[in-house]
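Undergrad: Next come the chains, spelled out residue by residue.
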Amino acid sequence: MKQLPRLFMLLAVLLTMQLFLFPMWSITLVAPQYPDGITMFIWIDRITGDTEYTLQNINILNHYVGMKYIEPDSIPELQYFKYVVLAISLLGMGALIANRKYLYLSWFILVALLGALGIYDFYLWEYDYGHNLSETAPIKIPGMVYQPPLIGTKMLLNFEATSLPATGGWLFGTGLMLSLVAFLTYPKTSRR
Amino acid sequence: MKKSGKILSFLALAGFLFYGCQNNAGQKATTTPIGNGDAASQVYVPPGEHDEFYAFLSGGFSGQVTVYGLPSGRLFKIIPVFSQDAEKAWGYNEETKPMLETSFGFIPWDDAHHPELSQTNGVPDGRWLFINGNNTPRVARIDLGTFETTEILEIPNSGGNHSSPFTTENSEYIVAGTRFSVPYPQTDVAINSYKENFKGALSFIKADEPGSMDVSFQILVPGYDYDLAHSGKGKSHGWTFFTSYNTEESHTLKEVNASQNDKDFIAAINWKKAEEYIAAGNFKEMPARYAHNYYNEETHMATSEMKENVKVLIPSECPGLIYYLPTPKSPHGVDVDPTGSYIVGAGKLSADITVHSFDKMIAAIESQAFDGEIDGIPVLKFDAVVEGAVQSGGLGPLHTEFDGNGYAYTTFFISSEVVKWKIGTWEVVDRVPCYYSVGHLMIPGGDSKKPWGKYLVAMNKITKDRYLPTGPELAHSAQLYDISGDKMKLILDFPTMGEPHYAQGIAADVIKDRSKKIYPLEENHHPHATLKEDQVRVERNGNEVHIYMTCIRSHFAPDNIEGVKVGDKVYLHVTNLEQDWDTPHGVSIMGANTSELLIMPGQTETLLWEPKFEGVIPFYCTDFCSALHQEMQGYIRVSAADANTELSWSLGE
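Chains A and B supply the protein sequences, listed in that same order. Numbering follows my numbering, with no gaps: position 118 of the first sequence is 118. Numbering follows my numbering, with no gaps: position 485 of the second sequence is 485.
In short, the hints are calculated from the structure, not lab data. All C-beta atoms in this analysis are idealised placements derived from N, C-alpha and C, irrespective of residue type, glycine included. Accuracy of the hints is not assured; some may be wrong.
Listed next, the in silico DSS-like pairs over lysine-lysine satisfying Cα-Cα at most 30 Å (straight line) [to be verified]:
| no. | chain 1 | residue 1 | chain 2 | residue 2 |
| --- | --- | --- | --- | --- |
| 1 | B | K254 | B | K273 |
| 2 | B | K532 | A | K68 |
| 3 | B | K450 | B | K487 |
| 4 | A | K68 | A | K2 |
| 5 | B | K235 | B | K195 |
| 6 | B | K517 | A | K68 |
| 7 | B | K311 | B | K206 |
| 8 | B | K512 | B | K489 |
| 9 | B | K532 | A | K140 |
Restraint ranges, calculated between C-beta atoms of paired labels, are given here [said to hold, decoys possible]:
| no. | chain 1 | residue 1 | chain 2 | residue 2 | range |
| --- | --- | --- | --- | --- | --- |
| 10 | A | E77 | B | R537 | 31 to 41 Å |
| 11 | B | N309 | A | P35 | 47 to 57 Å |
| 12 | B | G145 | A | M177 | 39 to 49 Å |
| 13 | B | V45 | A | Q33 | 15 to 25 Å |
| 14 | B | G145 | A | T153 | 34 to 44 Å |
| 15 | A | Y127 | B | G652 | 27 to 37 Å |
All chains, full assembly: derive it from the sequences and hints.
TA: In structure tokens, the structure reads:
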């Protein structure tokens, strides 16, 4: 029982590190002529799709309304996110070894803030792609923007766009909560 | 005397008709031929749902194969095989022109008769579909990943390839038998020297490796007409059976002269023995000239090579290689039941169906129960090999397939019906009419070890009043019967393309998940492919101009080209950069003396255009690819032959 908070924290760290193995977020587009949908997965260091050619196919669709091409190489976050994840994993390890109640809380607050920042950053990218449209787009609909929802589903012309955390995102969120649980279950009197 | 003869024959005919009618009436029972009124729901496949079976029907004189769904009877695709197809640029674009090369040069047509699915352990495996060309003897392979023809082999020293391409149990071989015996090798002789100079060739074609289809060996046989074939399965694996007619060796008025012998032959070939003779070097090399054409999926290009000789086995020098089974009345179909025990010969001028036993055949060979021999080929005693006869009550049996539950189904051309009979008792248990004059029939897997015995398709030769009239030429009709119960039930009637002579069916599940969606660009090794838009260019080499073009929704790159001159040979090498299923682009050029191109995602195709006049020539995408499809177009400027317009190309400038 005494080791319980430590165990929670260990899980929190492992569930952070799994971000190297699973995508964080997914955006799915469904339309009558795409019955199976097209799904794009956002990882800490790359963007993939349900097929090898998803990004090309999304870019082809986007170009009709003048959206910029999604080019993973030009998104700086995808270059440095992995170091952030590595850093918070190491910090989590440190907290785990030290096994201090307030280190657990600090880690929770730090990572929660970073996570919120990440989501805000994601929102900015979505805003940018959805609003900064080419002047020469073949299809221009007054007042129409193509920003996908942050979380949830929204119709964008003929496409139903759904944005949700993917496996990695859910697991990461669970890990974050477990660090809070580690703090909350930390025995009041115990020092070690 | 003369008069009474006439009366007698009239009575005989009347007696026959009466007998036939009575027999039909006896089976009439309570149901109409159109089932019990729920036929529509049995063939109804709701919108968006898939059929249970693929059916591949030959196109006969259209040179094509058609792909249908069963039970709906919906047409999915027409696959050009031996015919040019302007829709798909098959035989028109530079990539596929070599597919139609023969020793006679480019032949854009043939008579495609018998599709045959490849098999593994005697069961259709969905890898390939083979089909024969009857006129200029050829066989083809269709890849069932792409539903495209990928290989065509000409058959040398052969006249008409009808008894083909029936497969062995593991597609070790497909076969080809000559329909018209001819001088072997071809030479200038009097036609009435038929009996001395004309020979038949039965060819065994190695087919289990795409790209290396070849005639492994031919067997030189007497100058009969070889009609159909099937290979043994299970215990009879290793044997192939060919029907023959015209054992009279007549060369004129064959409708009479080839119908005189009471019995013709089924030739039983021990092809494993043939392999031994080939391995032992007991063959003759004969001069030949035949084309082998192969479409390489990686280079998206066909090549044609000419082969120069062929190995031939002479029966008199190869004992045990071939035996004749006497079979009544010019047998057409020769069909082996799912266990491989029975060889069913349908004498097309007879009322009965003859069933030979494989075991009895082996016993007869061992005990040398021969009725003489012909050119070194022992003729087995009829009584020693025959197992039974189906007293059908119909007339003109053609072809038999099996349901895997102990029953066989035979088409009768003259009496226009399908007759169901029981294997072993040889009793007729049911019969249904066909509209009209049925040729072949098909049960999915019905010629294999494991039939899916649920449906039967009858392919009719005469249509008459079945559909709305379309002038003198009518689509041939096919009928679908439910054979899952004791009684066959007619549930659908649907039009077919060309003249289907034969068909194959297979459970959709075996094929559909392996169906290719795109050609991956990274696997495109076409020598003139342009894999990225920034690599497009135009090159001149003397009077040849090569345009390296790409297309993607919704533009060509480049779309403005100048510097082409009258008299140039302009090759448009167009790569479709799409990597999404069902997004082909088409290309057509005003005044090009060829077809459009229809380029699948990731594919490269080449159109040859020889501009004849100065001017500015538009080109455009012919396949409605996107909302901006109409905008997908461009111009090529054609200058005078001696003009000095510089070669240039651009997009969006």
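Undergrad: Now tell me if each hint is right for this structure.
TA: A quick look at each hint next to the structure:
1. Among the hinted pairs, K254 of chain B with K273 of chain B is inconsistent with the structure: their alpha-carbon atoms are about 34 Å apart, more than 30 Å.
2. Between K532 of chain B and K68 of chain A the alpha-carbon distance is near 19 Å, which keeps this suggested pair within the 30 Å criterion.
3. Annotation: proposed proximity of K450 of chain B to K487 of chain B holds, straight-line Cα distance about 21 Å (limit 30 Å).
4. Proposed proximity of K68 of chain A and K2 of chain A is contradicted: the alpha carbons are some 54 Å apart, above 30 Å.
5. For the hint pairing K235 of chain B with K195 of chain B, the CA-to-CA distance comes to about 36 Å; that exceeds 30 Å, so the pair is violated.
6. Distance hint between K517 of chain B and K68 of chain A is fulfilled; the C-alpha atoms sit about 27 Å from each other, no more than 30 Å.
7. Distance check on the hinted pair: K311 of chain B and K206 of chain B sit about 13 Å apart at the alpha-carbon level, within 30 Å; holds.
8. For the suggested pair K512 of chain B and K489 of chain B, the alpha carbons sit about 28 Å apart, so the restraint of at most 30 Å is met.
9. Taking the CA atoms of K532 of chain B and K140 of chain A, the gap is about 28 Å. The hint holds against a cut of 30 Å.
10. For E77 of chain A and R537 of chain B, the hinted distance range of 31 to 41 Å is satisfied, since their beta carbons lie about 37 Å from each other.
11. For N309 of chain B and P35 of chain A, the hinted distance range of 47 to 57 Å is satisfied, since their beta carbons lie about 54 Å from each other.
12. In this structure, G145 of chain B and M177 of chain A meet the distance hint of 39 to 49 Å, their C-beta atoms being roughly 48 Å apart.
13. With their beta carbons about 21 Å apart, V45 of chain B and Q33 of chain A fall inside the hinted range of 15 to 25 Å.
14. Restraint check, G145 of chain B to T153 of chain A: a C-beta distance of roughly 36 Å satisfies the suggested window 34 to 44 Å.
15. For the pair Y127 of chain A and G652 of chain B, the beta carbons lie near 28 Å from each other, so the given range of 27 to 37 Å is met.
When held up to the earlier numbered hints, the structure conflicts with 1, 4, 5 and fits the remainder.
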